[in-house]
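Turn these sequences into a full structure, and let the hints guide you.
So the protein lines, in turn, are chains A and B.
Under the working numbering, think of the first position of the first sequence as 1, with each following residue one higher.
Under the working numbering, think of the first position of the second sequence as 1, with each following residue one higher.
Derived from the structure by calculation, the hints contain no laboratory data.
Hints may contain errors.
When chains are identical, the list treats them as one kind, so a pair holds in a single copy or across two.
Each computed EDC-like pair below joins lysine to aspartate or glutamate, with the alpha-carbon atoms no more than 16 Å apart [what the hints assert, rightly or not]: (1) 21 with 74; (2) 58 with 74; (3) 130 with 30; (4) 90 with 28.
Number of protein chains: 2
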Amino acid sequence: MLREQGTRVTPQRVAILRAVKATGIHPDADAVYRHVSREHPHISRDTVYRTLSMMEEKNIIGSVLFVGNAKRYDPNTARHHHLICLRCRKIFDFSAEKFDLLEPPASTLARFQMFRTTVHVEGICVECQKRKTM
Amino acid sequence: MLREQGTRVTPQRVAILRAVKATGIHPDADAVYRHVSREHPHISRDTVYRTLSMMEEKNIIGSVLFVGNAKRYDPNTARHHHLICLRCRKIFDFSAEKFDLLEPPASTLARFQMFRTTVHVEGICVECQKRKTM
DNA sequence: CATTATGTGGGATTTATTCCTATATAGGAT
DNA sequence: ATCCTATATAGGAATAAATCCCACATAATG
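Shown next, in the form of structure tokens:
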């Protein structure tokens, strides 16, 4: 297990990582919790949440874009894309015509009825770059 | 107000739409609630939540990608993109090299330190297409 | 083993969203 | 202007998601 990036290897962590890989779907934290509970009936949700975000930080697993904990609305209904600051969670719109025409591979389109394609750029905004403190 | 798509125009709805446009940021439902509360001290959160999703459905406003209510993890840390079924909320990975090289406009990069760019395709998966019911 | 920095359980708390239902009201009909 | 009723709202309760807290447990090092 390539997880020696300065953190301990516990049975819970092994089980959580296995669960993320096992489900095949893209599980949410509670699905992982339920899966792991079978082997570790006493595991706490906090452990699952902590471990999942730790693993995401260390790039052991990924996640689907999710900005903060709440859904974010946007008055702009024109075609546009998003810059998302990972530090302050502000979202900025940007336009790029070349991004509006993206066509997923034909094999993908064959099994998926496409409605809309959006590009999300994750990074750090200028303001947060100035704020040196970390 | 172009909102005569078969729904009523209430003062609350006007205020909510104004709030989404006013804030400039991409507000979450609670930010809209707090903003509207200034004029409508008795408005209920339920009204705000209902109205926002109604407006999103009718394409009066948009939202930043948010799949369901919970963050979704992904064991795949390789470069890839996502197909998101709007009906069952399953998420499928796909790869497309041409999507891995997307460069936002220079003006954008100038004010944003880019980490990662991901393409999200929203639509309906085959299984849900078969399921005729709606 | 013995030590200790790190991790865990589980219950409480906070935050986000939705449900429920009695009451109010927009908007077409009168 | 007033009535009617389908639709919308308030506000409180319920559910869901994520996080906090801290006494206790345990990986990893020597």
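Against the structure, the hints:
1. 21 with 74: Classified as between; 8 Å across copies, 34 Å inside a copy.
2. 58 with 74: between (31 Å within a copy, 13 Å between copies)
3. 130 with 30: Answer is neither; intra-copy 37 Å and inter-copy 28 Å both fail.
4. 90 with 28: between (23 Å within a copy, 11 Å between copies)
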